[in-house]
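There are 2 protein chains.
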Amino acid sequence: MSITEVAIPGAKLTSADIYNSAVASWAIAAAWEVGALDELNGASSLDAEELAEKLGLDPVASRGMFQALASVGVVTRDGGTVSPGPIFDEVNTYRSYFHWLSRGCSGLYTEMPSVLRKENRVGSFYHRDGAAIGYACRELSSFSFDPAFWAAMDRLPFDFKVAADLGCGSGERLIQIANRYPGTRGLGLDIGLPAVEMTTREVARAGLSDRITALQADARDLAPHSVFAEVELLTCFMMGHDFWPRENAVKSMRTLRERFPNVRRFLLGDTTRTVGYPDRGIPLFNLGFESAHDLMGQYMPTLDEWYGVFEETGWKLAGEQRIESPAASVVFELE
Amino acid sequence: MSITEVAIPGAKLTSADIYNSAVASWAIAAAWEVGALDELNGASSLDAEELAEKLGLDPVASRGMFQALASVGVVTRDGGTVSPGPIFDEVNTYRSYFHWLSRGCSGLYTEMPSVLRKENRVGSFYHRDGAAIGYACRELSSFSFDPAFWAAMDRLPFDFKVAADLGCGSGERLIQIANRYPGTRGLGLDIGLPAVEMTTREVARAGLSDRITALQADARDLAPHSVFAEVELLTCFMMGHDFWPRENAVKSMRTLRERFPNVRRFLLGDTTRTVGYPDRGIPLFNLGFESAHDLMGQYMPTLDEWYGVFEETGWKLAGEQRIESPAASVVFELE
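So the protein lines, in turn, are chains A and B.
Quick note on our numbering: the first sequence kicks off at 27 and runs consecutively.
Quick note on our numbering: the second sequence kicks off at 27 and runs consecutively.
There could be a bad hint or two in this list.
It does not matter which identical chain is meant; a pair holds if it fits inside one copy or across any two.
[Unchecked claim] Think about it this way: if two alpha-carbon atoms lie no more than 20 Å apart in a straight line, the pair counts; the simulated SDA-like pairs of lysine to any residue are:
no. : residue 1 : residue 2
1   : K187      : F151
2   : K38       : I113
3   : K342      : F184
4   : K38       : E75
5   : K187      : I349
6   : K277      : N118
7   : K38       : S109
No wet-lab data here; the hints were simulated from the structure.
It should be emphasised that the depicted structure is a prediction, and the values quoted were computed from it without experimental measurement.
Could you build all of it, start to finish, from the sequences and the hints given here?
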């Protein structure tokens, strides 16, 4: 994608830019979810009230949404019409980043004054919307990790019969693997019971219940299970940072090595902490990803920290594929 | 204030600018509330970890906050130090606008996809944080409506014994009037029982229970009460738009005229809907104020709509004072 993804470091934002952008970020997430971005995509101009009517939206509330989108150039308005604005394509491509932030992580950021205070950081001291994060991450993964993942799959130097996915979420990855590799079986592991249940449900809906099963398990400290011996391919996306800090990562990944003695390849995809960008030039998404993890108190390793840990874990880096957006993202091919 | 308050209409924001601004808006609200903005105000540079320690904040979570503030130029970071950035003064002056939006109205905007849909717009279909809005509005009013209000009070062509405040909130205005005008009494009206209780509590704390009382009442359709006959001065701030749409405003304000037969002046301060700004140049705060009311389905009149309604209400416009920020704000002096 030949799209401007970073702020222009020299350009000064005004406080109105910042303020209007905050409103617009919510509006981008909403406009995606209610279908307005898809309607506008490729259109020259649409009647705003007709568009609201078509989507079942209140026309006055929709005016608020379009005003917010127009305030930062996502759309332009002329009388009663709405058209894609100068940054429509850029924002529409990356709408899932905005959704992840303004719908999925809103609870965390809104309660920041309480989350920041040391005395409050016990128990479940923050709240995020897991369903919204799942919604955003499915699309986010489709243009970021998925292409790199399938490229790595195409390079597998062996055939496999059983694949296991750590942090299986909705089961989407296992379903896609099963469809693409007939005759293989899948095993989903997730720390959350809702995710295990969703995987089971989605697998049934895909007619794959005889080939894919899901178990509740903590991949950071995995207990033994007889079924693990069958697994030859291990995948793990967007949760590798949960293994950290370093001494935990060494321990977790060594344990994985022991629990899965017959795994020949471990595809580990994640976004890492950016290094070397100026504060005013941090690429799209990474500020949200990093600051959210800082607020939650979850360690986020850099790429170099990842490189420095493999040797001690018993895994060898056989290859890797960098991902352009989100920046500092990668799929490690471990063996 | 000689501060740039509008976006630069020609300047193009990138999607990273918009995204980082959304994170930063939450961080501005939080940095105010936890005391970080006050610490930075006037400082040259501070050690970030020492500052976190002083304020009782987690150092890693604070890093997330400072990174977000730095991403848009509110602070600059150099190693472990934090300094006021190029737009620190502008943002610190108007921090209450960000708080109103990102703390007070977060629930409304986060649930936008549901709020937009016609079928959901019944009952209490949105949620805002009243306590956070009250926190923001007290400071917001101090630099916007309060100076205009006191100027209008100084111009009162009569002495008064009893003042009534419609939408009295925390009772702050009545307490200030009572302190400035010894021997006068105050009457607070608010539609919300929590506000009535808070006024009663705050008045007691100020030692003014013998001079100020509060009643639960809907100013939009005010029922008669014997005590209203004593009132000579009526004030109403930041709720005048609740009288609208037009035919309701005519009716509500006529009813006020009848209920308060001895009122000689009615000071009505509010922010109106902006007119004539380009979408990319809407001033600070107004986009939030307007789009929030559109989402909630609450009518927001323009200045001209206000001018066009007074004659029919029985009130005469004796004077007015425009407010610079928020734009399109005014205190009407009615008699």
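Evaluation of the provided hints:
Within a single copy, K187 and F151 get their C-alpha atoms no closer than 42 Å, and across copies no closer than 50 Å, so neither meets the 20 Å cut-off. Taking the shortest Cα distances, K38 and I113 sit within 20 Å of each other both inside one copy (18 Å) and across copies (8 Å). Taking identical chains as interchangeable, the C-alpha atoms of K342 and F184 lie at most 20 Å apart only when both belong to the same chain, with a minimum of 17 Å there against 87 Å between chains. Taking the shortest Cα distances, K38 and E75 never come within 20 Å of each other, neither inside one copy (35 Å) nor across copies (27 Å).
In this assembly of identical chains, the alpha carbons of K187 and I349 never lie at most 20 Å apart, being 28 Å within a copy and 72 Å across copies at closest. Taking the closest pair of Cα atoms, K277 and N118 never come within 20 Å of each other, the shortest separation being 41 Å inside a single copy and 46 Å across copies. In this homomeric assembly, K38 and S109 come within 20 Å of each other (Cα to Cα) only across copies, at 17 Å, whereas the closest approach inside a single copy is 27 Å.
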